[in-house]
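Student: What follows is the residue order along each chain.
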Amino acid sequence: MFQAPFVRPPRIAVWLVDLFTPNKQSESIPGDLLEEFSELASKSGVAFARRWYWRQSVKTVAHLIATGFLVAPWLTAGTVVAGCLLWPVFYGSTQKAVVAVLDKYQVYAHIDAHVFWLIYALLIERLVEPFIIGCIIAVAAKGREMVVTMTLGLVVGASNGAGLAHLMPHWSEANFPLAPLLLTTFVSPVMFVIGGGIVREIRSAMSRRPSATHC
Amino acid sequence: MSGRDYLGEFEHIVVLALLRLSGRAYGVTVRQEIEARIGREVSIGAIYATLDRLEAKGYVKSQLGEPTPERGGRSKRFFHVTGKGIAAVNRSHRAIKTMTEGLDLVRSCS
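These protein sequence lines are chains A and B, in that order. Numbering of the first sequence is given in my numbering, commencing with residue 1 and proceeding in unit increments. Numbering of the second sequence is given in my numbering, commencing with residue 1001 and proceeding in unit increments.
What the hints contain is simulated information worked out from the structure, not anything from laboratory work. Keep in mind the model is a prediction, meaning the values are calculated, not measured. Do not rely on the hints blindly, as some may be mistaken.
[Said to hold, decoys possible] Covered stretches of chain A, going by a simulated chain B footprint (3 or more residues, C-beta under 8 Å):
1. 28–38
2. 56–69
[Unchecked claim] For lysine to any residue, the following SDA-like pairs were computed, each having C-alpha atoms within a straight-line distance of at most 25 Å:
3. K43(A) to T1029(B)
4. K1057(B) to G1023(B)
5. K24(A) to R1094(B)
6. K24(A) to V1106(B)
7. K59(A) to V7(A)
Every residue gets a Cβ at the ideal spot worked out from N, C-alpha and C, and that includes glycine.
Sequences are here, hints too, so could you generate the full structure?
Tutor: Structure below.
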């Protein structure tokens, strides 16, 4: 017997919706979108259904973010403040660890290698620390991982941007390390969100029912 | 203010859609009912944000249905309006009716 092939909605859109959907709606929202997508795909064609799915996903994610702020403003604010307070605790710890290792093995005898590892330790620190902080606050804000890490990313990104703008006039006067400054400004906020996204994915995988994985 | 709360515009529309759909009201049917009747394309996220707010106020109640294969093994969440919700709709209707009484809306717009 002929059976129509199962058409899947756009994977990235599905992933985005799953990422932002709170646990309470993890059955209803993705299920409703898939049901309507299948209906549209058979009625109006796959291309139309995919466009519709993308449009719905973007609007839905925007609503979920806004609702996340409105439903739990104190939780969001509290975890963002905690994230900002954790920053100085972690600040420089990776670099200190690398310096300790370099000193122990007396790498400073080979100055090029010493400088190379110091610079890269600084770069790695700028990526690893916000990632760990993002993971920690996402664990604390169960069910609102993406909203709190995005808010923290925006707050830190805005303050870093303001700091960078303040430094701009003195740019030529001193030899500022450009790469770490740009990393702190633009990449660190993204690392908070990546940390939050990974915690969210792990939680979703753990709570996923066996019946859903078979289909 | 509780007990005297009026429904917002979109809350009002969603509650009326639930009443029209009676026992078969869930995200997809509510969204399609609104789109078919007033021609407004709303997102499923907006529907659930409103339904959750209405549920928190005690105006609607929800229950999970059985998982179905066309939904990737996920359940539907069915909604129905409570007595408190119907009272809120009536209150909002009365308020609108009272406020529009004696107004010539067609002439006011021209």
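Student: Of all the hints numbered above, which does this structure not satisfy? Sort the numbers upward.
Tutor: Hints 5 and 6 not satisfied by this model.
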